[in-house]
Each structure stands twice: as structure tokens, then as C-alpha cells.
Amino acid sequence: MKGRTLFVGLVALSAILASTGARYQARRRAELTRQLGSALSLDNKPRAIQLLKLGANPNAKGHDGIPLVFGALDIESPALLKAFITAGVDVNTTSTEEGRVRTLLSSVGHYAEVLYPAQIEEMKLLLDAGANPNLGPESVIQANMGGCGHCGACWSNPRQVALLLKHGAKLRKGDTAAILEAALYDDVGEEKDSGTAMIRLWLKLPVPVKERRPAIANTIHELARYNSAGHNNKTIALLKNEMR
Numbered sequence: 001m002k003g004r005t006l007f008v009g010l011v012a013l014s015a016i017l018a019s020t021g022a023r024y025q026a027r028r029r030a031e032l033t034r035q036l037g038s039a040l041s042l043d044n045k046p047r048a049i050q051l052l053k054l055g056a057n058p059n060a061k062g063h064d065g066i067p068l069v070f071g072a073l074d075i076e077s078p079a080l081l082k083a084f085i086t087a088g089v090d091v092n093t094t095s096t097e098e099g100r101v102r103t104l105l106s107s108v109g110h111y112a113e114v115l116y117p118a119q120i121e122e123m124k125l126l127l128d129a130g131a132n133p134n135l136g137p138e139s140v141i142q143a144n145m146g147g148c149g150h151c152g153a154c155w156s157n158p159r160q161v162a163l164l165l166k167h168g169a170k171l172r173k174g175d176t177a178a179i180l181e182a183a184l185y186d187d188v189g190e191e192k193d194s195g196t197a198m199i200r201l202w203l204k205l206p207v208p209v210k211e212r213r214p215a216i217a218n219t220i221h222e223l224a225r226y227n228s229a230g231h232n233n234k235t236i237a238l239l240k241n242e243m244r
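In the numbering used here, the protein residues as written are 1 to 244.
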């Protein structure tokens, strides 16, 4: 009888210790997560990465209801975003800001003043981790070209669009027009120029014939308007060849 009583006591003690340990871990994680929010608000990338490694919740939301991971995009740090992914963040989480539902992919360019190579790396990290390029009500292609107006169509945009298409992004209404329009706001002329690269990318897209010819004609017209130095001659010739 004594042995049974001792056994029951040990089981009860184990349960108490387990419960106490679980509560301690929960409190510890909550504190780490609180500190993570503070680190992100201060743009303290090293501290944020450290907190994620220690066990901060990568899927937590801030006081404004926005998932903390969106703060990693605000800081524009691929290393920080990678730390969130390694910690188990939901790469398909969404955020509602000013009535717009945004995904992490559609926010890569939105948070950047201009699209630097860091945003290409962030987009690749998200796509490789399973982010859905077709998630959400808005086109991720247009969202990333409109981050700061058309000045967002910098040299990295062709790579962004190509990367999204490679990972299964479906063209939505307005995408092809946005891609071509963005090209006109960037350098056009030399093969290495992003505007030229955008135009070459557009020419490979399945644009309906009834839309294709007028779009090409308008692009030729716009390029000719700003061609006093003949910088756009090669691109204009390329487009004219497509009209044949």
C-alpha cells in the first residue's frame, strides 16, 4: 500500500513539475516575443535574429495586429527574414493595412523605397519556403512595381517578375500593361538596362494579339519621344520587328 501511495505521489509530483515547466516556457517565450517586437521597432536586426534563435514566436502579431514578420521586410534584411523562416514563420500569412490585404510577397517591394538586390533575395527566400505567388486579392507583380510609384521599376524588376513567373505566378488583369508601362520609367537602350530587359520579358508573355500590337505601337511612340541621342534605337527596332 505504501508503495502504491509513493507511486501515486511521484506521478502527481511529475505532473506538477511538468505543468510548472510548461508555464515557465510559455512565459519565457512570451517575453522573448515581446522583446522581438521592440527590437523590430528599433530596427535592431542582430537582436531580433538572436531572439528568434532563442525561441521568440515568429508568427506573433504586434499591437497593431500586423504580424511581426512584416517588420523584417521593413528593415530590408534577408538575414532577418531567413531567421523568421528558420524559426517557422507562416510565409503565407497576410496583413490588412488601410483596407488592403497584403501578403509577404506583395509587400517585398511595397516596403522598399526602391527595389534593391536585397528585395530579390527576400522574394527568393519566401518562394523557396513555399510562399504562394497567387495568394491574396491583388497581383503580386503589380504590387511590387507600385511600392513607391513607378520609380519602383528599377533595374531589379525584370528579375522579380521573372522569378515570380518561374514559381508559378499567374498573370492577372493589368499585369502585362503594368510591366510594359514600368519599362518606360526606366533605362532603355543597352541590353543591360532594366527597361530593355522588361520589354524583352513582356514580349515573351502570352499577350492577346488584339492587345499586343497597340501596346507595342504605343511603346514605340513613347520611346521615340525621348530618343534625341538615339539611345533607344535598338529597342525601337526590336519592337518594330515584332509588329511585322
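Rather than coming from a laboratory, the hints here were simulated on the basis of the structure.
Among the clues, some could well be false.
Heads up, simulated DSS-like pairs for lysine-lysine below, C-alpha to C-alpha not over 27 Å straight-line [to be verified]:
no.	residue 1	residue 2
1	K124	K204
2	K82	K53
3	K61	K82
4	K82	K124
Since this is a predicted model, take the numbers as computed values, not measurements.
Hint by hint, here is what the structure shows:
1. K124 with K204: Cα-Cα ~22 Å, so holds.
2. K82 with K53: Roughly 11 Å separates the two Cα atoms, so the pair holds.
3. K61 with K82: holds, 18 Å
4. K82 with K124: This hinted pair holds, its Cα atoms lying about 11 Å apart.
Going through the hint list in order, the structure satisfies each hint without exception.
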